[in-house]
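Protein chains: 4
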Amino acid sequence: MDKRREVQSSVKDERLVEMRRDQMIKGAVSLFKQKGFHRTTTREIARASGFSIGTLYEYIRAKEDVLYLVCDRIYDEVRAQLLAMDLNAGTISNLSIGIAHYFKVVDEMQDEVLVMYQEAKSLSKDALPYVLKKELEMVQMFETLIQQCVEKGELHMDPEQVHLLAQNIFVQGQMWGFRRWALHHAYTIDEYIERQTDLLLRGVTGYKTVK
Amino acid sequence: MDKRREVQSSVKDERLVEMRRDQMIKGAVSLFKQKGFHRTTTREIARASGFSIGTLYEYIRAKEDVLYLVCDRIYDEVRAQLLAMDLNAGTISNLSIGIAHYFKVVDEMQDEVLVMYQEAKSLSKDALPYVLKKELEMVQMFETLIQQCVEKGELHMDPEQVHLLAQNIFVQGQMWGFRRWALHHAYTIDEYIERQTDLLLRGVTGYKTVK
Amino acid sequence: MDKRREVQSSVKDERLVEMRRDQMIKGAVSLFKQKGFHRTTTREIARASGFSIGTLYEYIRAKEDVLYLVCDRIYDEVRAQLLAMDLNAGTISNLSIGIAHYFKVVDEMQDEVLVMYQEAKSLSKDALPYVLKKELEMVQMFETLIQQCVEKGELHMDPEQVHLLAQNIFVQGQMWGFRRWALHHAYTIDEYIERQTDLLLRGVTGYKTVK
Amino acid sequence: MDKRREVQSSVKDERLVEMRRDQMIKGAVSLFKQKGFHRTTTREIARASGFSIGTLYEYIRAKEDVLYLVCDRIYDEVRAQLLAMDLNAGTISNLSIGIAHYFKVVDEMQDEVLVMYQEAKSLSKDALPYVLKKELEMVQMFETLIQQCVEKGELHMDPEQVHLLAQNIFVQGQMWGFRRWALHHAYTIDEYIERQTDLLLRGVTGYKTVK
DNA sequence: CATGAATGAGCTTTCATTCAT
DNA sequence: TATGAATGAAAGCTCATTCAT
Chain A
1 MDKRREVQSS VKDERLVEMR RDQMIKGAVS LFKQKGFHRT TTREIARASG FSIGTLYEYI
61 RAKEDVLYLV CDRIYDEVRA QLLAMDLNAG TISNLSIGIA HYFKVVDEMQ DEVLVMYQEA
121 KSLSKDALPY VLKKELEMVQ MFETLIQQCV EKGELHMDPE QVHLLAQNIF VQGQMWGFRR
181 WALHHAYTID EYIERQTDLL LRGVTGYKTV K
Chain B
1 MDKRREVQSS VKDERLVEMR RDQMIKGAVS LFKQKGFHRT TTREIARASG FSIGTLYEYI
61 RAKEDVLYLV CDRIYDEVRA QLLAMDLNAG TISNLSIGIA HYFKVVDEMQ DEVLVMYQEA
121 KSLSKDALPY VLKKELEMVQ MFETLIQQCV EKGELHMDPE QVHLLAQNIF VQGQMWGFRR
181 WALHHAYTID EYIERQTDLL LRGVTGYKTV K
Chain C
1 MDKRREVQSS VKDERLVEMR RDQMIKGAVS LFKQKGFHRT TTREIARASG FSIGTLYEYI
61 RAKEDVLYLV CDRIYDEVRA QLLAMDLNAG TISNLSIGIA HYFKVVDEMQ DEVLVMYQEA
121 KSLSKDALPY VLKKELEMVQ MFETLIQQCV EKGELHMDPE QVHLLAQNIF VQGQMWGFRR
181 WALHHAYTID EYIERQTDLL LRGVTGYKTV K
Chain D
1 MDKRREVQSS VKDERLVEMR RDQMIKGAVS LFKQKGFHRT TTREIARASG FSIGTLYEYI
61 RAKEDVLYLV CDRIYDEVRA QLLAMDLNAG TISNLSIGIA HYFKVVDEMQ DEVLVMYQEA
121 KSLSKDALPY VLKKELEMVQ MFETLIQQCV EKGELHMDPE QVHLLAQNIF VQGQMWGFRR
181 WALHHAYTID EYIERQTDLL LRGVTGYKTV K
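Residue numbers (our numbering), protein chains in the order written: chain A, 1 to 211; chain B, 1 to 211; chain C, 1 to 211; chain D, 1 to 211.
Check before you lean on any hint, since a few could be wrong.
The list treats identical chains as interchangeable, and a pair is accepted whether it falls inside one copy or across any two copies.
Unchecked claim - With a straight-line Cα cutoff of 25 angstroms, these simulated DSS-like cross-link-like pairs (lysine-lysine) come out:
#, residue 1, residue 2
1, Lys134, Lys104
2, Lys133, Lys63
3, Lys121, Lys26
Everything labelled a hint here was simulated from the structure, so no lab data went into it.
Go ahead and model the full structure; you've got the sequences and the hints to work with.
Have a look at this one:
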């Protein structure tokens, strides 16, 4: 189920590996955010992680592994936050709570989401599918949420529209991160949530545009 | 109006500069598409452009200039295509024609749009604003289109929603390029246009969901 | 007599040192055979020896010590095998038995001989003489064997020729190892022995060319 | 016929390539002689060649190419010197002149021969055959020389012995290089030639051991 | 004694950029 | 204007060696 691409480490102690990778991901995110993956050197990653270049390479095999670990971790965290919602009622109200929650998560993890969003494409053909699979899972959460509304008769949509709507929601969340320059000066995150929900659910019976 | 960041060239003959840069952009786009900006070398760009590395540097000052020229050009082309629409009527019908047209353009220039979309962030702090400004102009075209519908009473939205809707349309167009892996196997471009327009204009009086 | 260059070890228990070094030499020979001294890492040597890198360094001071131990050991083994012959009669027949025996030994220890032959030059200026001294001793065995034939009147040679002949025999033994690619497809070891003995002893009174 | 493994160069000018490679080979030989291939760095090779590390890599693709070029060149030079002899008469006298000539060549190119002899094994599986093929050609020159004596009735040997004798001669030439430590203090090159020829041709009718 | 995580000097290689021709 | 040989800073990565546990 949780088929994860293993990143080889020559260190045996699992706890240590976990700890070092935490440091590494933390350091790397802050660097990738500033200068992108390609302009960040392995030495910088090592320094930002608090250990030497030699030690860095005890925990990864190649620079790209850092990127994979970063992307993998970010998805896991975002997903964990979403799963914590546990919304099943299948009401419009629950759907909009779900959207709001997701947008909040994206807002809180802005840097991470931005990094992942912009750098994931630099992953090798080998690692990319693992990350895309996780993304798909998240989109599917929204799909389920919407589908339940359809089943309860609160929304009228065919499956294709449900699928596309889920993707739109997902992308609009990321958008808050990758189009900061165009959005953040115009809206607070709460305003953004309100407006987008408004546009997404316009014309839905029983949904009231917030005045 | 057309405040363009000049890329310095040591060659004086304007015609020649134009011609060489055309070659350069053409070559670079196809390379960036394959391997991204950072993994493409200046030698490769020169070769793909049909001249030597020395000549390449007669027309640019640094590698980044190529990226800027590429982004700049792509925006210009997309914008030119949009301007060619010349829609002013301010009806819902015209708006959806505008959206369809933009999506078609994005579909036709998929590679270019993807390149620009993914690599623009590698532009220096210096060049980025010029590109973002062009993007803004394009968003504003949609804003105008929507605003006209509002003014004619065909749509009911406050200015903030208009602004956001315009951005959503713009991003959904790019989405067709940057989420190919998730969209192209599910929809043709025409289906995508139909579905997205559907979702964007749901609940708009007088708009009929396509059966 | 057996002036051996001591390789420092921080472990005091002599038995243990002996045992560990046996493991180490065995592991190292098989690695050096495959990839040569320089391309073999200390970690690989440790792993092939059945202990950790830390432990390896309890029994040596530097990587080069491993090479020295390997070379030293191989010479000792070859020499032990030669000494086991115990030929003193001073007849041509005995000489050719000696040659045949040496060639057989070289054949059986092909890998080891090849390793030592190819890698000994990587020994430091410090260690080399000890290995060369052992080599000299082996050459001298042949010298003695030949000299005895001369003394018994079975061979007519001046001392210089005796010395050179001994070296030729020695090198022709190694040749079976280091020129496998040119020899092994043309001769079996027995044929090689026969032919070489033939060439070495041509024209010696009382020596009959086989066949 | 002269199937040579091409070493890729990004420099087009053939004359320049030739010249730079001459410098490179010269510099590399002197370094390899002192410290061996593995202990010599590419920067050292560049410096010894009189150009920068960047320039070095304009003329090779990888460090190993330098080794290949060195080996290839040395064989070519030795072979050229041997071919210059042009001995066809098929007399014992000519054979021994040939041997003497070869030994002299080896003596003059001692460093080069030693380098090639000790480092050739570090060539990749890819390049090795090309070098071995050249070696084989040189052995065959001696084979031909001997064979002609056999055909003229000056020597009595079967083909297998001819083949082996040729190899022995070849190896004994190299031996003068790789066993300096054991030979040079005992003989001058002329003495070495005399003694070895003596041993090689003992018992050959009409051949007089030099007193 | 044994372990293996940590270190960092140093390696090979790349590539944007320059400049003499 | 056009060329491409030359440059060297800087990158990713390795590995012999140490030392706290």
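These are the hints, each one checked on the structure:
In this assembly of identical chains, the alpha carbons of Lys134 and Lys104 lie at most 25 angstroms apart only when taken from the same copy (19 angstroms versus 29 angstroms across copies). Taking identical chains as interchangeable, the C-alpha atoms of Lys133 and Lys63 lie at most 25 angstroms apart only when both belong to the same chain, with a minimum of 22 angstroms there against 34 angstroms between chains. For the identical chains of this complex, Lys121 and Lys26 are neighbours both inside a copy (20 angstroms) and across copies (21 angstroms), given an alpha-carbon limit of 25 angstroms.
Taken one by one, the earlier hints all hold for this structure without exception.
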